[in-house]
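Q: Heads up, the sequence shown is in the UniProt record's numbering, so the first residue is 1 and it goes up one at a time.
A portion of the hints provided could be inaccurate.
Stated by the list, open to error - Listed below are the simulated SDA-like cross-link pairs for lysine to any residue, each with C-alpha atoms no more than 20 angstroms apart in a straight line:
no. : residue 1 : residue 2
1   : Lys258    : Leu222
2   : Lys36     : Val228
3   : Lys258    : Ala299
4   : Lys36     : Phe245
5   : Lys36     : Phe172
6   : Lys258    : Ala194
7   : Lys36     : Phe153
8   : Lys36     : Leu125
9   : Lys36     : Lys258
10  : Lys258    : Thr166
11  : Lys135    : Tyr230
12  : Lys36     : Leu19
13  : Lys258    : Ile26
14  : Lys258    : Ser269
15  : Lys36     : Lys135
16  : Lys36     : Gly17
17  : Lys36     : Ala211
18  : Lys135    : Leu125
19  : Lys258    : Asn225
20  : Lys36     : Tyr229
21  : Lys36     : Tyr230
22  : Lys36     : Arg137
23  : Lys258    : Tyr105
24  : Lys258    : Leu294
25  : Lys36     : Asn225
26  : Lys36     : Leu294
27  : Lys258    : Val268
28  : Lys36     : Ile26
29  : Lys258    : Leu94
30  : Lys258    : Leu19
Said to hold, decoys possible - Beta-carbon label-pair distances, calculated as ranges:
no. : residue 1 : residue 2 : range
31  : Pro136    : Tyr230    : 26 to 36 angstroms
32  : Thr166    : Ile15     : 16 to 26 angstroms
33  : Val85     : Ala214    : 11 to 21 angstroms
34  : His217    : Gln139    : 38 to 48 angstroms
35  : Thr74     : Arg252    : 10 to 20 angstroms
FYI, nobody ran anything at the bench for these hints, they're computed from the structure. In this text, all values refer to a predicted model and were calculated from it rather than measured experimentally. Quick reminder that beta carbons are idealized off the backbone N, C-alpha and C, glycines included.
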Amino acid sequence: MENSIKHVAIQHHAITGGLLALLAAIGFSAKAILVKLAYAAHVDAITLLAVRMAFSVPVFLAVAVWTNTRKQQTALTVRDWFAVVALGLIGYYLASYLDFLGLQYISAGLERLILFLYPTMVVVLSAWLYRQSIKPREQFALLLSYAGIALVFVHDAGMRGNGISTGALLVFGSALAYAIYLIGANHTIARIGATRFTAYAMTVASGASIAQFAVTHPLNDLILNERVYYLGLAMAVFSTVLPAFLISAAMRRIGAGKTALIGAIGPVSTIYLAWVFLGERVSLTQIAGSALVLAGVLAISIQRSGR
């Protein structure tokens, strides 16, 4: 009887973790759709990013204050604070800014696939920084991923023409910034905790985004179409705050490998949502390229998680 109850509890834990990972993946994937819808209301990338972060920062500030009230917290050293600020600027501010810029030029589907390449970048950067060899299986997975991106890129270039190279490079830079953040964040997260680190780093990124708007735009530019504010609020809640904490909760329940596997629904979800809400066409070439990217990235993510 006791074993049966324990088995049911484990199953419940796994199902809950899977649902949390699924919701996080869909939330992240919806961001590109919301950005594209906001651009239709004639708002620029800097303003839209500032609106998104302005709606997000109260939550992250509240979480930061809450974590500080908990007992037995490790005090942050000067080095910790430097890491939080630097990684927040790279992994959340710069990555978001480049992504928003890139979405002005490329489809939501291509954007999500390029962002999904970040585990492959972690492999290459780690091999370069720590002088590690890339195993044959990982090399094959890298080849699959970038062949898939090339296929989707050529498909979109034939349909969209000018600007796609610029957009793809900007989003690639966003994924690279996030990969650098992941490599640098391990030690700091292990020391101060994932929730506290996320709250602090996102607060830094929010402040940088709002400061960039204040320096580059007059205050009158905040007089926007009401729709932009609704989309910015939705982006903050469903594509920023909730996924950031849902993904951590999912990993605690089912592990990084299974979370990565479920996260593969993200690019697929983006392509479907873009077809429904943006009218982006889906072709067999795009599906084939997406399948190659997903196969390659998942092979790398699961293998590294297992190690």
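Q: The structure should be examined with respect to each hint, and the outcome stated for every one.
A: Hint check:
1. Lys258 / Leu222: violated (42 angstroms)
2. Lys36 / Val228: Since the Cα atoms of Lys36 and Val228 sit roughly 11 angstroms apart, the hinted pair holds (cutoff 20 angstroms).
3. Lys258 / Ala299: Between Lys258 and Ala299 the Cα gap is close to 12 angstroms, so the pair holds against 20 angstroms.
4. Lys36 / Phe245: Violated: Lys36 and Phe245 sit about 24 angstroms apart, past 20 angstroms.
5. Lys36 / Phe172: holds (18 angstroms)
6. Lys258 / Ala194: holds (19 angstroms)
7. Lys36 / Phe153: Distance of about 18 angstroms is within 20 angstroms: holds.
8. Lys36 / Leu125: Violated, at about 31 angstroms.
9. Lys36 / Lys258: The hint is violated at about 30 angstroms.
10. Lys258 / Thr166: Given that 20 angstroms is the threshold and the Cα spacing comes to 34 angstroms, the pair is violated.
11. Lys135 / Tyr230: violated (47 angstroms)
12. Lys36 / Leu19: Status violated; Cα separation ~27 angstroms.
13. Lys258 / Ile26: Within the cut-off at roughly 16 angstroms; holds.
14. Lys258 / Ser269: Satisfied, since the Cα-Cα distance of roughly 18 angstroms is no more than 20 angstroms.
15. Lys36 / Lys135: Violated - the C-alpha atoms of Lys135 and Lys36 are around 39 angstroms apart, more than 20 angstroms.
16. Lys36 / Gly17: Since the Cα atoms of Lys36 and Gly17 sit roughly 30 angstroms apart, the hinted pair is violated (cutoff 20 angstroms).
17. Lys36 / Ala211: violated (23 angstroms)
18. Lys135 / Leu125: The given pair, whose Cα atoms are some 14 angstroms apart, holds under the 20 angstroms limit.
19. Lys258 / Asn225: With a Cα-Cα distance of about 41 angstroms, the restraint between Lys258 and Asn225 is violated, given a limit of 20 angstroms.
20. Lys36 / Tyr229: holds (14 angstroms)
21. Lys36 / Tyr230: holds (13 angstroms)
22. Lys36 / Arg137: violated (37 angstroms)
23. Lys258 / Tyr105: violated (33 angstroms)
24. Lys258 / Leu294: Since the Cα atoms of Lys258 and Leu294 sit roughly 14 angstroms apart, the hinted pair holds (cutoff 20 angstroms).
25. Lys36 / Asn225: Satisfied, since the Cα-Cα distance of roughly 15 angstroms is no more than 20 angstroms.
26. Lys36 / Leu294: Since the Cα atoms of Lys36 and Leu294 sit roughly 23 angstroms apart, the hinted pair is violated (cutoff 20 angstroms).
27. Lys258 / Val268: With Cα atoms ~17 angstroms apart, Lys258 and Val268 stay inside 20 angstroms; holds.
28. Lys36 / Ile26: Judged against 20 angstroms, a Cα distance of about 16 angstroms means the pair holds.
29. Lys258 / Leu94: violated (28 angstroms)
30. Lys258 / Leu19: holds (11 angstroms)
31. Pro136 / Tyr230: 26 to 36 angstroms: violated (50 angstroms)
32. Thr166 / Ile15: 16 to 26 angstroms: At 43 angstroms between Cβs, range violated.
33. Val85 / Ala214: 11 to 21 angstroms: holds (18 angstroms)
34. His217 / Gln139: 38 to 48 angstroms: For His217 and Gln139 the Cβ distance comes to about 45 angstroms; the hint holds.
35. Thr74 / Arg252: 10 to 20 angstroms: Cβ of Thr74 to Cβ of Arg252: about 19 angstroms, so the range 10 to 20 angstroms holds.
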